[in-house]
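Visitor: Start from the sequences and build out the full structure, keeping to the hints where you can.
Residues per chain, in single letters:
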Amino acid sequence: MNGASARATVHIMKDLGMTHALIIPDSESRLLFDELSADPDVMVISPAREGESIAIAAGLWVGGAHPFVIIQNTGLMEAGDALRGCGVGPRIPLRLLVGWRGYPGAQAGKLPIDSAYTYTEPLLAAWGIPSWHLMSDDDLGVIAEMDRTAAETSHPAAVVTGHRFRP
Amino acid sequence: MMERLEVLEKLAAVRTDEIVVMTMTATLQWPLVSHHPLDFDFLAFGMGHASDFGLGLALARPERKTIVLKGDGGLLMSLGSLVTLGTYGPENLVVLLLENRRYEMTGGQPLPAGPDFAALAGAAGVAGGGATGRGKVERIETLAELEAALPRILDEPGPHFVVLPVENRHPLPPVSHTDHAGRVQALRTALGVV
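Those sequence lines, one after another, are chains A and B.
For the first sequence, position 139 (counting from the first letter as 1) is numbered 139 according to the working numbering, and the numbering increases by one without interruption.
For the second sequence, position 75 (counting from the first letter as 1) is numbered 75 according to the working numbering, and the numbering increases by one without interruption.
Because the hints were derived from the structure by calculation, they are not lab data.
Predicted model only: the values in this text are computed from it and were never measured.
All C-beta atoms, glycine included, are put in the ideal place defined by N, C-alpha and C.
Treat each hint with caution, since some may be false.
[As the list claims (entries may be wrong)] Footprint (simulated), chain B over chain A, 3 or more residues, beta carbon under 8 Å:
| no. | stretch |
| --- | --- |
| 1 | 86-100 |
| 2 | 124-137 |
[To be verified] Which residues of chain B face chain A? A partial, calculated answer using Cβ under 8 Å:
| no. | residue |
| --- | --- |
| 3 | VAL14 |
| 4 | GLY46 |
| 5 | HIS49 |
| 6 | LEU55 |
| 7 | ARG64 |
| 8 | GLY80 |
| 9 | ARG183 |
| 10 | ARG188 |
| 11 | THR189 |
Guide: In structure tokens:
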């Protein structure tokens, strides 16, 4: 079944020690937003724009917290300078869940191809940010792998989600 | 209009164990008045995002205040952050906006003359807002008023957003591009995180 369970995803992130979730709602992560917002153990912060999410998460991590940034690929592109300056450059291990807008349409051969789809993985690669695909519950293990890689390399790492989260 | 270096001197005189995050030209002058392990030079960490970074720090370290020194040009780059401050700003966050109406770092090009930054912060929900519902917005015009207000600002719950109209007549020291990862590790060490 396409799409990972939002409930299982939040459960895994909490097991990994998540303290804060920086999330601006988008189509892919809508149910993840609902699940996080209903969880009393996680502080959910919805900034005005994704560059803020990155900078707030960096401050949280420097202060000893364990934030996750849930961000659509469009927001990732907007947040480029923040990601450079508050993640890649100073080697702050940001944990990113990136919604891959345009993926289902591109896989189905729908035209025109969403440019947000086209540039997502090349952009992550250009920043040297390792990434894994989370397309269904079968892939849930990649969240821990991403978290561990970020910690071990002290560098941002990302999970890319191609489908909308399910309950 | 206050002389910026004198503003920084006033702050340094009353600062104790607060984290101080500074950016742009404040990074050049703050070291003239302070050498403290909890000073953090945010220059080149992300344009316009110093107070966002400070918000994260303040949330993670509620046992002490976080003070952010940023400019009005930087605020223009992330005006939406005022809404975030008005929604989530914790009681231990103080944002001091050094308002010089110029992009001083790049040669003094003028900012748009219109924005009233205190009014913008108020309208964004900072006044009476933040996570505490006790956010405060104020504009301080003179060094005497600043000297009188700083103990209160550093003591009472915020979040605080304070507009400080400043100018600078001192020669600026050169930019120091120290290792960014090293700055991060030094602050985490000073905070006892590592």
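Visitor: It remains to establish, for every hint, whether it holds in the given structure.
Guide: Outcome of the hint check:
no.: 1; hint: 86-100; verdict: holds (count 5)
no.: 2; hint: 124-137; verdict: violated (count 0)
no.: 3; hint: VAL14; verdict: 23 Å, violated
no.: 4; hint: GLY46; verdict: 4 Å, holds
no.: 5; hint: HIS49; verdict: 4 Å, holds
no.: 6; hint: LEU55; verdict: 5 Å, holds
no.: 7; hint: ARG64; verdict: 10 Å, violated
no.: 8; hint: GLY80; verdict: 3 Å, holds
no.: 9; hint: ARG183; verdict: 7 Å, holds
no.: 10; hint: ARG188; verdict: 6 Å, holds
no.: 11; hint: THR189; verdict: 11 Å, violated
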